[in-house]
Structure formats: C-alpha cells, structure tokens
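Each protein sequence line maps, in turn, to chains A and B.
So that you can map any letter, position 576 of the first sequence is 576 in the working numbering, and since no number is skipped, the others follow by simple counting.
So that you can map any letter, position 556 of the second sequence is 556 in the working numbering, and since no number is skipped, the others follow by simple counting.
The hints are simulated quantities; they were obtained by calculation from the structure and are not laboratory data.
It is possible that some hints are incorrect.
Since the list gives no way to pick out one identical chain from another, each pair is judged satisfied if it fits inside one copy or across any two copies.
[Claimed, not checked] DSBU-like, lysine-lysine: derived pairs with alpha carbons at most 35 Å apart:
#, residue 1, residue 2
1, Lys268, Lys671
2, Lys475, Lys686
3, Lys349, Lys620
4, Lys671, Lys174
5, Lys164, Lys117
6, Lys117, Lys146
7, Lys710, Lys268
Protein chains: 2
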Amino acid sequence: MIKKALIGILCSAVVLAVGILIGHYGISSGSSAPSWMQNVTKDVDESFIEKFLSEVDTVHIQENLRELTDMPHMATTAGDEKTVQVMLKRWQDPGYGLDDAWREEYDVYLSFPNANKPNKVTVVNAEAAVLHSIREKEKAYTDDQKDPDVVQPYAAYSPPGNVKGRLVYANQGKPSDYEHLNQTLDLRGTIAITRYGGAGRGAKAINAAPYGVVGVLVYTDPLDINDGLMSDASETYPHSWYMPPSGVERGSFNRDFGDLLTPYLAAKEDTYRISPEDITGIPPIPTQPIGFEDAYVLICALGGDAAPSTWQGAFNCTYNVGGPGFSSASAFNNSDVKMDIYNYGEVKKSANVMGVIKGSVEPDRYVIYGNHRDSWVHGAIDPSSGTSVMLELTRVLGRMVKEGVWRPRRSIIFGSWGAEEFGLIGSAEYTEQYFAKLSERAIAYINVDIAVFANATLRASAMPSLESVIFKATKEVSAPGEASTSVYDAWIRHSNRTSPTHGLIPKLGYLTGAGSDYAAFVHYLGISSIDMSYTYDRSKTNARIYPAYHTAYDTFDYASKYIDPGFVGHQAVARTAGNILIRLADSLLLPFNCSDYAEILEAYLNTAVSLYQQQLQAHKISIGKLQTDWWRCYASKCNSLSFMPLKVRRINDQLMLLDRAFLDPLAFPDKYAFRHVIWTSSSAGKATFPGLADAYAKAELSGEASDWAKVHYHLSVVSQAIEGAANTLAEVI
Amino acid sequence: MIKKALIGILCSAVVLAVGILIGHYGISSGSSAPSWMQNVTKDVDESFIEKFLSEVDTVHIQENLRELTDMPHMATTAGDEKTVQVMLKRWQDPGYGLDDAWREEYDVYLSFPNANKPNKVTVVNAEAAVLHSIREKEKAYTDDQKDPDVVQPYAAYSPPGNVKGRLVYANQGKPSDYEHLNQTLDLRGTIAITRYGGAGRGAKAINAAPYGVVGVLVYTDPLDINDGLMSDASETYPHSWYMPPSGVERGSFNRDFGDLLTPYLAAKEDTYRISPEDITGIPPIPTQPIGFEDAYVLICALGGDAAPSTWQGAFNCTYNVGGPGFSSASAFNNSDVKMDIYNYGEVKKSANVMGVIKGSVEPDRYVIYGNHRDSWVHGAIDPSSGTSVMLELTRVLGRMVKEGVWRPRRSIIFGSWGAEEFGLIGSAEYTEQYFAKLSERAIAYINVDIAVFANATLRASAMPSLESVIFKATKEVSAPGEASTSVYDAWIRHSNRTSPTHGLIPKLGYLTGAGSDYAAFVHYLGISSIDMSYTYDRSKTNARIYPAYHTAYDTFDYASKYIDPGFVGHQAVARTAGNILIRLADSLLLPFNCSDYAEILEAYLNTAVSLYQQQLQAHKISIGKLQTDWWRCYASKCNSLSFMPLKVRRINDQLMLLDRAFLDPLAFPDKYAFRHVIWTSSSAGKATFPGLADAYAKAELSGEASDWAKVHYHLSVVSQAIEGAANTLAEVI
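Model the full structure from these sequences, guided by the hints.
Here you go:
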C-alpha cells in the first residue's frame, strides 16, 4: 500500500515540474501585461543575489560576535536582556533595520544552581572526612572565566538532593551499560559516574534509577572530545582548541522540548500549568556534570573488575567498574562519593525577539529564519556565531529594504529565540502560540544555530525537497579562504552519496532529531526546514563536538583564534543561508523539488521491504503491491495561462503543504510534539519510516501479537500519510 | 485571556469587511483589464441564481424519490448497489451530468441480524413455556412492507446472546434512571425496557450494564412520537403520518462515528484493524428494539411500584418499575423476558459515489455538498428526500455546465455517502482518506440528509459565519405553497432570536452533535458547514422526529401523502441549498461573516463568565481581563489594488481557515474525532465553550483539585484556539 502512494508522489512531482516550465514560459511572454502584473510575476533576481553576496562582510560578523559575547548571557539573566537590546536596536535601526521588530515574552520553567549554596561533590570516608572535593567552577585562563556571572556547571532539571554512595563507572549510562553492571554488582545505593555520549544527558539518570542508583555524575572523556589529549600545560585551551581539564559541559537534562509545565500550550501568564512534580523525562535522581580532571581522580581510584574494552577512555589507568566503590589500594578505600545538589526550578520571563520584512506580493506567505540567543556562558560559538551571521544577514537585507532597492515577494520573519539551552523553549512556545497562522502560511524555516564548528566543509540537514536550492546556493558561494572552490565543491569532496537521479552529490542530512530550534518547526508544524553550519574535517579530529561546547571557554577569544580565524567560515554560512533565504522569499515558483523527496521516500521503502518484508508476510501484514491502476501520472492540463497569478499560487501551496500532509498528531503519543511520520526520531537506527522501524524492532524482540498489530498500525499510518502527500501534489481536482 | 482574543476576532472581522468593500470597488473599476482578468475578478451572477431557482422542479424531485425508493436499500445490500448505479448514471449523463463521477469503496465493519435465525424476544414462565412472542417484523399495510428485503428491526452493534430475566422499566435508560431504580431494586440479572429519547441508543445498554442488567429492550412510546395516539384502526399510518403500533425504529447503537475497526484510518483492504472485541462505545449486553404494541403488553403487566410521573408514557395503564418482573395479578406472573439475539458483525464493501464540477478560476478550492444514500428500509424521507434534492440540484447545474452556460469559480464536490445509518461511515472514511487535501482546500460543506421532516419552516444549523449567506438565500426562495412569503419570513415567524447586531432574526442552530454526515467535516476537519431541512410546526406536534423514522413505513407513499404532498418542501430546500452552494462556489470574496461568529463567541464568553467566574476565581483560575493594549484593530492598509487576484485569495484563505484554527487534536482524547474546541459535543448543556463547560461540571461535582486543573486546562485550550483564530483573521503580517 505504500508503494502505490509513492508512485503518486513521484508522478506528481513530474506534473509540477511541467507546471514550472509552463509558468516560466508564461511569465517571460507576459511582458506586455500591466505594470502590476510585472510585479506579480517577477521571479528571483540573480543580480540581487550577487549584490547580497558581495556585501556580506567578515568584519561586521566579527564585531557582532564581540558585542554579543562581552558577557555571559544565560537565558533570563541580565546578560540575556542585554542581547535582547542588541537585537532590538539592530532590527529597529532606521538605516538598516527591518520593517518591524518586537519582544515576545513567555513565562517558562527553568532550573538553576543556587549561587549561595553551590552544588558540591566530594569523596568522604566512613568518618565523614572529606578526602577530595570536585572543583566548583572551571579554571580561569582569561578574564572571561573570571566573570562572576559564569554559572557553576550543573545539570539543568536535575532534582536537588543530598546523596551518598559507593561509586561505579557506568560507561555512557545507556540501558545496556547498567544492565551489564547489574549482572555482577548490586547497584542499589551507588553513585554512577558516566561519560558524555551514547545516551541523552537526562537518560543517563533515567536509565540508572530503576537499578537503585542514587546519583549520577557525568564528565567528558578526553577520548571523546580532545582526541585523547589531556594535559593542561600545553595541549589544551588556551594553547589549542581542546577542552582544559577543568572544563565542564553544562546542559539541559530534559527529554521533551518546550516549556515543561505547559505542554502544547504557549507559556503565558494565565496559562494552565502542570505541577513540576508531574514533569516526565527529567532525572529522577541528583545529577551533576564534572570536569575530566576530577573524573580522572575518581575513575582511576575505582576498585572492582576492569570495565570492558569499549568502556575504556583516555586516562592512563584501567577503568574499573567499582567494587562498588574505590579500590582498597587507593587513598579513597572505604569511601563514598557524596553529592549535595541545590538546583531549584523557577518560572521566569524569557524573551524571543522577532523581526519582519513584509512581503510585497504575498505577505501572507512566510519564510522564517531563526537562531537562539541564550548561551550557557559567553556562548561565542553556541549560539552567538549563528546570531552574528543572522545580524549580518539582516543588516544587508534591511539596508536594501530601507533604501527601497528591494522588497521580498513573501514576508520574512526573523526569530531570535530565548531559552533554547533549557530545551528549545522559545521556538517551541512560538510554534504553540502561533500554530494556526504558521500552519496556514509558513513556506520554510531556516535554522543557523552554531554557524561554525570548524571551517572545513558545510554540513546541512533538510527536508529532501530543499536539496536542490541548497545545492544551487552552495555553488554560488566561495568556500572559506578558497576563492576558486565553491562551498558545494568542498562539501562534495568531504561528504557525498550517489543519487539514482543526480549521480554523485553532497550528502544532505535529515532532520530526525531535536538538536536545535528546527525541532518544533519540523516535527510539530511540518514546515520544510533547513539546519546548517560549517564543520570539521573528520580526518583531523574525532571530537564529538567542538571542545569548548557549553563550557566557560566558549569565548570570542576561542572562536576567533581556533574556530574561525578571519571569520571566513561565518561569512560562507551567511552567504549560503542568505542566498537560500532570498530564493525562498523571491522565487515565483517555490524552489522545492518533490522528486528529490520521492527519491528518499523510495529509498526508505526499499529499506523497509528488504528489512521487514519477510517477517511482515509471516504476520499477514501486507506492505503493498504495485497497483498500476493507481498510477497518478496526470497529463498536464496547463494549457491556459489565463489565471497565472492564481495558478502560481496554487502550485506553491501544493509545495508548501507537502510536509504538512505528513503530519499525524496521534501517531506518536509517547513522543512529545513529534507528528511528522517521515522524520520523527527513531531508536531503531534504520533509514526507513521511523514509526514502522521502532514498532518492528519491538515486535521482533517481544514476538507478541499486540506488538505486531502496532507494526501493522504504523504501516497504515505512514501509508495514509504518503497518500495524503501524494494527493497534495496531484492535480488539484 | 479569552476576552482579549475575542476582541481580536471582532476587530479582524471589521478589517475583512473593509477589505471586501475595497475588493468590490477594485473589481468594478477594473473593467478595462484583459479578458482573463474579467474572469478572475468575476463575482457571483445574480441572474444565474434566478435561472437556477426557476429550473428546480417538483416533478423531477418526485420521480427521483420514486426511483430511489422502489426497493429497500440498506447499506451494502443489492438495493444499495442499485442506488449506486442510479447516482452514477445521473452524474455521468452526457446531457446533464457532472464533469466526473466515480465510486469509492471502503471495507467497513457492519452489524446485521441473521436472516435465517431471527432475533426473538419472548415472555417465558418458570416451565419455559412461551406466554408471549414479540412481533418479528412490522405489520404490512402496503406492498412495500411485504418486500422480503425489509430487514428485521434490530439494534446494530448489539452483541448476540441468549439472556433471560425479570423485566424492569428504566424510562429512557439514562444514568440517573438506572440510579433511581437501583435505590429500591436489585437490577442484577434483569432485562430493562426503555423508551427512545433522553440518551443515545447504545448508551441505554452501556448505562445499564454496570448495574448487572443483562439485556435491554427499546421502544418508541406513543407519547414521544404520535402525540399520544396509538390506535391501529384509524389514527396511525396508513391513515395518518403516525407510527403504527408495530412500527420499530431501527438504528445503530454505537457511540463513535466512522468505521469502528479503523479509527483515524481510511478502511481500505490492507488497513490495520483493531479486533472487534476492542471496540468501545457499543452495547455490552444484548439489545433489541420493539414496537409499542408489544411494549404495551409488557409494561402494563409490570409489578412493583409506580414509576415517577415523568416516566409515564401514553399507555392507558400505570407504568410500574417492575417487581423486578411482572405483577402477580398479570398473566405473566413469575415469568421472565427472554432475548435471543443473533446479530453478527461483518466487514463489507460500502461505496461512496463522488461527483465533481471543476472550478474555472480556483479549482483547488472545494465546496462540498453531500448526503448519505443508504437507508434502513426504503428510506423515503431518511435519506432519499435529501438524495432526491441533490439529484435535482446536480441535474440543473450539470446541464448548465454541459451547455457551457456556467462553470463555477471553485470546484464543487458532491458526495453520496454509504453506510451512514451504521455511524456516518462513508463520510468519515472519506475525511480520513483525504484529510490533508480537504484540510488544505475545502471552503465549506453543505449537508442535506432528511430534506423534509414536514413543511412548516426551515431548520438550519451552521457555523455562525455562514448565517448571513443562509439568510440571503432564504430571502430569495418562496416558502412551500406560499408564493408571497419567503423561506426566511416563514422561518423567522417560527423560530427567532434577538441579535445584538441584527435585531430579530431567524434562529440558526449549532452543529455540536454528530447526527448526520456533517460530523466529520465539522469536528474532525474544521470545515465551515451547514445542515438543513424543512421541518415541523411545533405547535402542531410534539413528535421527537417524523413518526416513520427508521421504520418500514418510511416509503414513497408516506412521503408523498403525509410529509410533503406536491414536493414543494423539497423544492424549497433544493432552491435554498442550491442558492447557498452557488454563492459559496462563485462569490469572489467568500460570503463568510466573521463578526457573526464573533457575536456567538462573545455570547459563549458571557455565559462562561456569568456561570463560572466566581468559582474560577475561588480556584485561582483567571478567565482574563480586558487588555486594551491587545486590541488588534489594524487600520486597513489596502490602499494598493495592484495585486488584486492574490489579495482576494488571501482574504478568502483567512476566511476558509478560520474554523480550522479552532481545531485541537489533543483536547478531547475521550471523544472520537472531536477536535473543534467551539463546537465539540458537550453534556453540560450550557451555551458556552464545551470543554470548559464539561470540565467545570465535573469539577463542581467532585471538588477535586485535579478536576479544577482540567478546568484551567480547557480554559487555556480554548483561549489559545481563539487567539489562533484571531491571528488567522488579523492582518497577515
């Protein structure tokens, strides 16, 4: 049943392509039309794009970054408010501002450490003497780290509590890690130390609690971030881009995105709130992140058996699992780890800053461009690299608008989201508040959060329909520091795939997760979206992410010295994202290629057939047959150009609504706000329909009839959604 | 928080009105535009409407009805297939057919009595001797009732079973009725006889089962249908329109609409199905409807105390509640009622017949007009009166299209739904299969099921935005048999209200229930809808519904003699519905009046404030304050007419999507497919926001904090939905 719907999509894409050709023909031959018709049928102006590209400037980006990062700006702090003012001042500037800009506030539930009562982690012996204290703040190398507003490293949404127990080493805190330990150890009453990676932050504690573990520590192993390097003296920041021994990755330890007290409702003052005790998906036991210098002291003193080889990190000792507890040969013999966590939750006002350029011809169609504004500390890379790029984009475009040189066909909405670090809160609340309007009118969402992780190659993820416009833009932008190489060329060299239609092309990623503010746009609203950045050459580092991520070392100094000297990576991202933004806003016919979408869906189907067909047949579930009578290859009937403006709009609406047609608000009741049946997150790790893949994995494991019924259900859900999408693209009546 | 959003809606409506004026001005002054522009800007043609009205013909309607009702046509029977062929033949006629017509099939779960083993209800004594047998089929007065295809009266979706017990009289089978009986009687093992009315068909058994009742009988009391008359000899059909003593109302005893095995999925061959045992909302115990001649025998023999006065019906005896069981003075002393029910469920192919007239300018906007085709027996009134009207509409419009006289601006889709009597199945499956496309493109849905209950006055229910176009049409159509009186005048005389804006106007109903095929369009899709018919003068009858409803007496003979002699009521409905249909399809700007919607919302709010404000404040729930800074009275900025075609489309899209903005798929998890937060069914019986009203009623009763939290939740849901609707109507950017 899926196959026949897929054919619908493939064929419909062809019809639209024909429509596009006719559309262009109609426009060029319509030059004798009245002057307003010229406006209505105007297409994207390539010379304007060239002008835009030439004006995007590295120095402006650099100075944006300097201004945005001169103080820590964690959500709802004074530093955050200062960045609100920066955004408003820029976007309201009479010379290069937007048509309108304003602040929108939400009352959101955040979690903080207590400044007067810092979280403490210690090693204490049986007489309660403190043998070792974990460092409370990261070591200061520059004035930035000395700023009193640098927040103590903590696990946001970890509960407060005072717990004590024998230490165990639980690798990455995955279910299988605890299961492994549990085979030989009694985990009740223990504290688990885990390393980042492998499982979500909060999951490490959620997975631990059922075994009776009472507290969880998390650290970043030098193996995973520093390519094994761990010496303070010369190897790490400020001598290189690597994380210093005291560096700690902060983070939000929640599973669901958006304000946790107001699911599906915008968090306004009067809004209904669940009780904080009813929040699900946050650590049930105290949790605290620590630096690897302390983790080294703890782990290398552990007793018990040696951990499996895949659990070993970069420390120059054997990682034992714990007795539980420390080795009798260590100074910590018979000692416990004690955690005193004083985090508290508070509803605070968090601001999005919104700005618009109004569309000339179709003001009721929106291209949205956004990034969060809040950081954990100074956040030079995360998120200020993206904000600096956004401000440069709006400076160049804003000036063109103010000077009357340009006005986009469609409206452009810029969003500077608040409280992303706590769980994509600002963008999620925005999509909840404006759900109806955005569902009706949003063409696309472009997210540029961390603009530059490194400057080797572009990394982009998007709905496949946007692949072609991304490729087009990247071919027109020079790679950083390489005038004669395009961003496209550098990308295809670094990461590529072979497409049945296009041959060798750069590899575009999918937006299946919830790693940044695109999540609510993709999963909740079904808006075709793009997330992009410049990133590493993986042949040069194995770091999970750039090493200063969420630490006090993510500063202007770090960014300009180690991440993107000269800001040429930022410039390339600004040019690429801006190029795409202009094309989405100005193209007469939206630059969405449905056959590229169909190619991916067909690959998904092929994967499903090859992985699941046999078992499905055994359970009498039909994955469908090719039914030729269902073919929807409508002959194009676009002979008349009489109603051109409405015909263009009609085709564009089909394209705009394609992703919306894949939404099913009831398909994933256990995954907050995930409604897109193609891109929903999946734990099965298969490149195929996520609901089907997860249900199949569960049924295969349990063998229960009710689980096989769920497989059949998800097959029907995806089949109906694909047919809905095909209907959206097919001839309109 | 609601108030401020309401103001948004009110003000936005004003802006749209301004837009409409400017639109019309722009069009009339645009007469020098190219010829295709004339088409694009063409408004509804009043002379065409006059022509349409003059051609709607009573004789054609009469002959349609004769053809549709010449045999019983219960869903999926041979008679049903014959009506499929009638529809296809008409709609595919080269002289007066539609552009296209086709059959769409679904595999739906139906419930039937066993023709070889009829359901039996008997009175048996302790020795198992049968003292009385309930009539198995209705008494035949004409050849129609002798047709072997007349289905035995039964309760669709009642389980089979053989049960026996003492009889009790349970009034209407409401929870309060059983609760009352339970105060003095042990209901375990009893059979309850109930009368129609007060509770849903299936609810009478669902409410009974928790008390241990083992079977339920249902009958129609002459008080509720015949104005008390009950004599066969002269008072009832065939001597009058009243139900004869053996008449039985058949019906579907399910709670949820749509195919019961495929919730939210179109019931195609390969679709995932739940197991029939997992269906909820159907009778858990055997249930059977019987005629009042048998009910009389049973009830007048009951022992026990006299039932309360409000429980007494029209029989010339005192209705006792039962000992349980019969009076010792009766011939049935010490006897039980025995029910032998042999209903079975079966998945069968049910067809919708679809037809379209393609739009000329906006083919991607749909006005949908529908009625079901299936009946319980001959179904002359229900549904063939509506089908006869639909066929007359399509004959007149189809001929105009075939002759090239007319083509609507927007596409018109006609739906002849299957299996409505089993729970609105054909229309619900259609909305599930085409959810995406219909969500994107449907302007409105017009439902004319029973076209004529009687011919005294129009009865219409609709979203309030459609009030004005309904009024306009009704002013242009003559009332049946009264050339000088309009349908509007007859209506306002019969049923009216005083509007703050318009003064005295006819009273339009709301579509809060699921009584016919509008349900999925209103509640699941949020499409602005209308349901209409001609109906009684309530000063002349108290009948719940026309007396032959769902009986074997609902025949051509009955309809033409007693319901609408001369078919003038049918004609008036055809003219009114057709007039509205043409206006919705042809008007340049959609004839939706948002301020009429706002008037009703404001009334809902006022009701909520007056009923709930005090208690809400006591529970610290804010119903919101008038915040003047939120006023959205945007000054109209429609100075330029440059982009007229797109501007008109923009305003129309705002209007089309208004009701969609009220949808919340998660707000009513216990009410299948109900998503519209304004019109969802409510048991609280208050003219205010249904989720709020129901939650309030529950919280007031229980006093529990968790129930008050639900009240707050529903207040936030409706508040966010109204704000979403206001955003839909507000200036687009």
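Hints, one by one, checked against the model:
1. Lys268 x Lys671: The answer is both: 23 Å in one copy and 27 Å across copies each meet 35 Å.
2. Lys475 x Lys686: Within one copy only: 31 Å inside, 63 Å across.
3. Lys349 x Lys620: Answer is between; shortest inter-copy Cα gap is 20 Å, intra-copy 54 Å.
4. Lys671 x Lys174: Within one copy, since 19 Å is at most 35 Å while 39 Å is not.
5. Lys164 x Lys117: within (18 Å within a copy, 74 Å between copies)
6. Lys117 x Lys146: within (19 Å within a copy, 90 Å between copies)
7. Lys710 x Lys268: between (37 Å within a copy, 17 Å between copies)
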